[in-house]
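Asks: Here's the letter readout for the chains.
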Amino acid sequence: MYKYDNYDQTIVDERVAQFRDQTERFLAGKLTEDEYRPLRLMNGLYVQRYAPMLRVAIPYGLLSSEQLRMLAHISRKYDKNYAHFSTRQNVQFNWPALETVPDILADLASVEMHAIQTSGNDIRNTTSDQFAGIAEDELEDPRPYCEIIRQWSTFHPEFSFLPRKFKIAVSGATHDRAAVKVHDIGLYLVKNDAGEVGFNVIVGGGLGRTPFIGPSIRPFLEKQHLLSYLEAILRVYNRFGRRDNMYRARIKILVNDLGKEEFTRQVEEEWSHIKDSVLKLDQKEINRVKGFFTSPEYDKNAAEDSSFDEAEKSNKAFSNWAKRNLFTHRVAGYKAVVVSLKAPGIAPGDATDEQMDHIAELADQYSYGEIVVTHDQNLVLPNVKQADLFSLWEKLSEKNLATANIGLLTDMICCPGLDFCALANAGSIPIAKQINEKFDDIDYLHDIGDLKIKMSGCMNACGHHHVGHIGILGVRKKDEEFYQLTLGGSAEEDACLGDRLGPSIAKEEVADVISKLLDVYVELRQDEERFLDTYRRVGITPFKDRVYPKTAVKEKAYANN
Amino acid sequence: MRIIKDKKISDDDWVIARELDDSAPIPEGNVILPFSYWRANRDELLKQDTAHAVWIDGDIETEELSDDLGQFSIIGLDFPAFKDGRSYTHARMLRDRYNFEGELRAIGDVLRDQMFFMFRCGIDCFQVSEGKDAEDALKSFNDFSVRYQAAADDAVPIYKLR
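Line by line, the protein sequences are chains A and B.
Count along the first sequence from 1, then add 10; that gives the number in the working numbering.
Count along the second sequence from 1, then add 2; that gives the number in the working numbering.
Since the hints were made in silico from the structure, they are not lab data.
Each residue gets a CB set at the ideal place from its N, CA and C atoms; glycine is no exception.
Honestly, I wouldn't trust all of these hints.
Mimicking DSSO-like on lysine-lysine, the simulated pairs with C-alpha atoms at most 30 Å apart in a straight line are [as the list claims (entries may be wrong)]: (1) B:Lys162 to A:Lys177; (2) A:Lys177 to A:Lys326; (3) B:Lys134 to A:Lys40; (4) A:Lys175 to B:Lys141; (5) A:Lys333 to A:Lys526.
Computed Cβ-Cβ distance ranges for the label pairs, DEER-style [unchecked claim]: (6) A:Asn16 to B:Asp155: 16 to 22 Å; (7) A:Thr220 to B:Lys49: 50 to 56 Å; (8) B:Glu103 to A:Asp203: 41 to 47 Å; (9) A:Asp267 to B:Glu65: 18 to 24 Å; (10) A:Tyr14 to B:Asp138: 29 to 35 Å; (11) B:Ser75 to A:Asp267: 36 to 42 Å; (12) A:Glu278 to B:Ile28: 37 to 43 Å.
Taking beta-carbon pairs under 8 Å as the criterion, some of the chain A residues facing chain B (in silico) [claimed, not checked]: (13) Leu49; (14) Glu146; (15) Arg249; (16) His283; (17) Lys285; (18) Ser324.
Modelling step: build the complete structure from the supplied sequences, incorporating the hints.
Replies: Written as C-alpha cells, this is what we have:
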C-alpha cells in the first residue's frame, strides 16, 4: 500500500498543527461558532444530535493492521469503545469531545491517516473496489489512480469551496463494486481499440433527493490527462454549479440542466486550455505510485491444499460461511475473506475496539497485514490462503465476526439514522434490528440468496436506498416515523434507481412487508434468479398487489427520469 | 484601507465603491469601481490619466474583462461569504489564462483561514476585515510548507521533486 514520504507526512502534521490552533482560537472565543464551523467541517468534525462526530478518511478503503489498531486505540481512549465504518469506506467516531479532536488527529497522523476533506464542500475521499488488486475481472488496479487523485485533490486551492461536496470513485473491474455511476465523477478503467488502457469518464451521478445515474462524457481518456480532465470538470462546476439552493447544488443538477452535450462541450473547451499544462501526468509518476501496490509473494503451492474442501464438507456452519463470505482471488489457492460487520443485533458497520484489534491481528497472521473497508460496511482480508480459512473462520467466530450473510438480506447498508444524525427523519438502526429479528433463520436467508437492502433515515440517502434491490427510506408524517419502500435498484454496472412500491408503511410493519415481498419472489422465481432478476422480469405489480391488496393504485415510477 | 500585500501589512488609499449607479459621476480619488460601472462609462474613464481598478463577484465571468485587462492596476475579487468559492477560479483564470500581472485583491468576507488558498490561486492582496487581527492573519501563510499541486505560487506539482 502507499507509504508516506517526508512531503506527505509534513502535510498531515501541519494540518494537525493548523487545526489545533483553530480549535484553540475557537475555545478562547477568538473565532465565533459561525467562523469555526467551516474549519471543523473541513476536518470531518460535525456537531451531531448528542455529541460531535469525527469522520476519518480511509483512502479507497485500504488500511494497514497498524492503522486499524490505531482506530481501536482511538475508540478506547477518546470514544465509547467502538467505531462505525461508513458506506464511503471511511470510519466515524460518534462520541469524541471537541477539545480532544486535535489529539486524535495527531494520533492518526502518526500512522499516516487524517480527516482532511471528509466533510465540507470539497473533494472527498476517493473510493474504489474493495477487491482492487485481487479480483479476477480486473483490467488494472485502480488504487494508484485513487492515490494520485487523493494527492491532487488534497487542499486543492481552487476547489476547496465548491457549490457542494464532491465524490469520485474509480473501478478497474468489469463488475462494478464501487457504485461508480452514482458518483459526481466515476472513472472506469477501460481498454480502447488500440489496446491502451485509459478512463471512461462518468459525470453527474448521485443519490440524495434527486437521484441520477451519471452519463459518460468521454468514453476514453488517456491516463496522462487524468488530472487535467478532472480539473476541467471541477472548474466548470465551480463556476457554474448552483449556489442558491443546497439541494440543487451537486454537479448532477448542472449536468442535467445543461444537458450532457452542452456540459461536455464546456468541459472539453476548458480542457483544451489546460490539457498540455503542468497538469499532464508523467508516466514516471504513474509508475512510482503503482510501485506501492505490488502483489505479495504468493505461495505457489497454495492450491494444493485439500483441508479447505474437507472442512467445507464436514462442517455446515463453516460451509455456509465459505459460501457467502469468500470472494474468488485471481491467484489459485487464495481467497478474499469478507469479515461481516452485520451480526444480528449490531448496528451495521459498527466494530468494537476489541474486534478491531482482533481483525488487525488476523490480518497480520493471514493476510499480509492489510484490511479493506467495503462500501457495504464490511471489512475484507484480501489475501488469505485457503489452507488457513478454517482457522481464520474459527478465530473470527470468537469475536462475532463470522456471520455468514455477505450479500444476503441481513447484510444491509444502513446510515446512522435518527439515533445519531442531526438530519435524519427516522431511525435506521432499529429497522435493521427488526429485520434481523424477523429473519434469523440462516437456511432461509441462504435460500433467498443475493439481496441488497439499503436503508436511509432521510432523503439525503446516505444509506443509498435508491439503488437497493429493496430500498427503505425513513420519512416523517405527523411526527411519526414511516418508511417508503422502493424495489429494483442497483448500484452496479447495470445501475438503475428503484421504483416506488406504494404509500409509506408504519415502523412496526417493515419486516413483515419485506417478508411478503420475499414470498412473492419465492413463488415467482425461475431457476437461479436473484430477487432483482425476478423483479426485472415480472415488474412491480405482483409485489404491490401483495403489500397493498385493496389499494393497488397505479403509482408513477419513483424516479426513473 | 488596511491590507495585506505581498505578505506584509500596510495601508493604502484605495476605497471600494460597493454600489455605484452607472449614471453617477466619476468618483474622485483611487476607487475600485464595480465592473458594471466600468462597462457603462468605459470611454469616459479611459480619457482619465489615472490608474484604473474594478471589482467583480462570482456573477461576472472573467471572459467579460479579458479585453480590458491591460487597463487595470487592481482587480478586486469579491468573497461575499466563505462558501462562495467562484473567485478562486476567477483568480486562476486571470493569472493563468489571461496572464494578468496587476494586483488581485480579495475583498469582502476575507477569512484568515482561507488566505492560504487565495494566495495559491494568485491573489496577492487581502482586504483586512474590520475587527480582525492582521498580524494574526499573516501566520496563515505559513500553515503549509508543502503543497501537492502546482498553482499560481508553485510552478510544478510536488511529485516532480520526488
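Asks: Each of the hints needs a verdict: does it hold here or not?
Replies: Each hint, compared with the structure:
1. Distance hint between B:Lys162 and A:Lys177 is fulfilled; the C-alpha atoms sit about 26 Å from each other, no more than 30 Å.
2. Of the pairs offered as hints, the one joining A:Lys177 and A:Lys326 is violated, with about 42 Å between alpha carbons and a cut-off of 30 Å exceeded.
3. Between the alpha carbons of B:Lys134 and A:Lys40 the distance comes to roughly 9 Å, so the proposed pair stays at or under 30 Å and holds.
4. For the suggested pair A:Lys175 and B:Lys141, the alpha carbons sit about 28 Å apart, so the restraint of at most 30 Å is met.
5. Of the supplied pair hints, the one linking A:Lys333 and A:Lys526 holds, its CA atoms being roughly 26 Å apart against a limit of 30 Å.
6. Taking the beta carbon of each, A:Asn16 and B:Asp155 are about 20 Å apart, inside 16 to 22 Å as hinted.
7. Remark: the range hint 50 to 56 Å for A:Thr220 to B:Lys49 is upheld by a beta-carbon distance near 52 Å.
8. At about 46 Å, the CB distance of B:Glu103 to A:Asp203 agrees with the hint of 41 to 47 Å.
9. At about 20 Å, the beta-carbon gap between A:Asp267 and B:Glu65 stays in the expected band of 18 to 24 Å.
10. Remark: the range hint 29 to 35 Å for A:Tyr14 to B:Asp138 is upheld by a beta-carbon distance near 30 Å.
11. Checked against the hint of 36 to 42 Å, the pair B:Ser75 and A:Asp267 passes, with Cβ atoms roughly 38 Å apart.
12. With their beta carbons about 42 Å apart, A:Glu278 and B:Ile28 fall inside the hinted range of 37 to 43 Å.
13. A hinted interface residue such as A:Leu49 counts as satisfied when its beta carbon comes closer than 8 Å to some beta carbon of chain B; here the least separation is about 6 Å, so the hint holds.
14. Because the beta carbon of A:Glu146 sits about 32 Å from the nearest beta carbon in chain B, more than 8 Å, this interface hint is broken.
15. With a least beta-carbon distance of about 5 Å to chain B, the hint placing A:Arg249 at the interface is held under the 8 Å criterion.
16. Satisfaction of the interface hint for A:His283 is found here, the shortest Cβ-Cβ separation to chain B being roughly 6 Å, below the 8 Å cut-off.
17. Annotation: interface hint on A:Lys285 violated; nearest CB of chain B at approximately 13 Å, more than 8 Å.
18. Here the hint on A:Ser324 is broken, as its CB sits about 53 Å from the closest CB of chain B, past 8 Å.
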